[in-house]
Amino acid sequence: MKAFAYLRPASVQEAVAAAAAPGAAYLAGGTNLMDLMKIGAAAPDLVVDVTRLPGLDRIETLPDGAIRIGAMVRNADLARDPAFAGAFPAVAEALLSGASAQLRNMARVGGNLMQAPRCAYFQDPASACNRRDPGAGCAARGGETRGHAVLGWAEGCIATHPSDLCVPLAALDAVVEVMGPDGSQDLPLERFHPLPDARGIAAPLAQGVLITGLRLPPGAARFAPHARYLKLRERTSYAFALVSAAAMLTLDGGVIAEARIALGGVAARPWRARGAEAALIGAAPEAPAFRRAADLALAGAGVPPRRGSGAGRRRALRRERVQDRAGRAPRRARAGPSRPWHARADARAARIRPRPHACRSGP
Amino acid sequence: MSVTLIVNGARHDVPLEDARTTLLDVLRDRIGLTGAKKGCDRGQCGACTVLLDGRRINSCLALAVSVDGAEVLTIEGLAQGEGLAQGEGLAQSEGLHPVQAAFIAHDGLQCGFCTPGQIMSAVALIAEGEAGADPERVREGMSGNLCRCGAYVGIAQAVIAATRDAMARTGAGAAAAGAGADAAPAPRPETAGNAP
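The listed protein sequences derive, respectively, from chains P and A.
For reference, each letter of the first sequence is one residue, going 1 to 363 in our numbering.
For reference, each letter of the second sequence is one residue, going 1001 to 1196 in our numbering.
There may be inaccurate statements among the hints.
The calculated lysine-lysine pairs, modelled on DSS-like cross-linking and capped at a C-alpha distance of 25 Å, are [claimed, not checked]:
1) A/Lys1038 <-> P/Lys38
2) A/Lys1038 <-> P/Lys2
3) P/Lys2 <-> P/Lys38
Hints listed in this document are in silico derivations from the structure and should not be mistaken for laboratory results.
One chain only, chain P, in its complex shape (with noise of 0.2 Å):
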């Protein structure tokens, strides 16, 4: 790890006008920049700490009924928080399907948003990068690329966003507050992410540009009796996402009033699924209407050349749009992988036979 400055400021204003210098970076929980800083993949000169700015680590309800959310509120604290886990279920399932309960104790959900791709070719200093070295190239294309993206990505870059929690907040239309030199500003979330192109792809924020908390808008917790998050990994714990997905959806009268699909781990930001959505409106909420919205949200998917898996991937994130059924009864979020994904998992496993030995003696 290259040696750094360390800066523990006592305001907004003063964390701004420190990181303003190149070469600044923001600390919040840890769990990402100091991985990152130990492997080589980011090196910063100075590490300012906003970990114990003041104001920042409530959630609160605003007087026009928006939920407010610090950008220093644990994962953790987030997602065992009663009334939150209540009104948003799909967030609450999304924090706690990610990462482990040490890393949710550490993780800020400011960070989250900011967390550096799990491509291992962006994390390994060898390999060629445009995100790490715009330029550079980009050595995923031709290497290994099963967690890699199969909507938006560009010539320039194929990484996907990590974060479970920006799945249902992209679907919710959360707004991220952000503070920068220029003063305070509010983007929403589904854009926050730029998109790669040819050449690479940018950074979300400007140098020194302080996430200070997210926004859920009025009213959003109309969907908590419809909303789910669900999440396809490769093992059944601590493990990124192949494929996510959040859905949401509000009923009148039997039919579909609302639907909200936003998908995690196929692109460089959380996707929304605006065209399926629309589909749904009016629809019975059953499945043909189902798998017509699911073949709407992948209609644009394309596999990087020399993937081998997407196909795989497409089909089985068909296969979770279907499952998430309107009519499900709301859950509370639980510490434990989602059942649906788990009894497929069972049944999967119950019809693999195993395969008989041809070198095998015996009887």
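Once you have looked at the hints, place chain A on chain P.
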């Protein structure tokens, strides 16, 4: 630059020459508490798990200077606390914490390298009170602690048994782990609960 930490109830003022020093480095190299282990050093294996202000964290990812003033509970502090095991044999003679005793009783270890992290994580899991004695949720709650020996069956059994004991002692599901005040869950932020 220096940090003050309350480690297992004792105050330590540690001068730091380098801001890169992690909490794990301070515990092991400066205070001499080598129970927490440096396994992956990247927050993936959980061998460095300690309780920081009552929460389990990966001490390898915490900059020491950033946690200045915190209370830390390590594996070395467990057997000194209240609520020690009332069992027989080794647990009784050594005055072990109930979770430590359960790991012995259920063969929850082989080489032992990951064990301090496993036990600290289990103590916190029981204090969090969310998994109960449900095996699936215990395994999920312990998924941040890897065991290269593969002693997972014994580990899960030990945690479930210790959870049942804690629940029986307090007569409640949301039982404190019995590690004394040090291991009590951190208080919620004052404003938590203001959401709709």
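Query raised in the report: When the hints from earlier in the document are held up against this structure, which numbers fail?
Result: none
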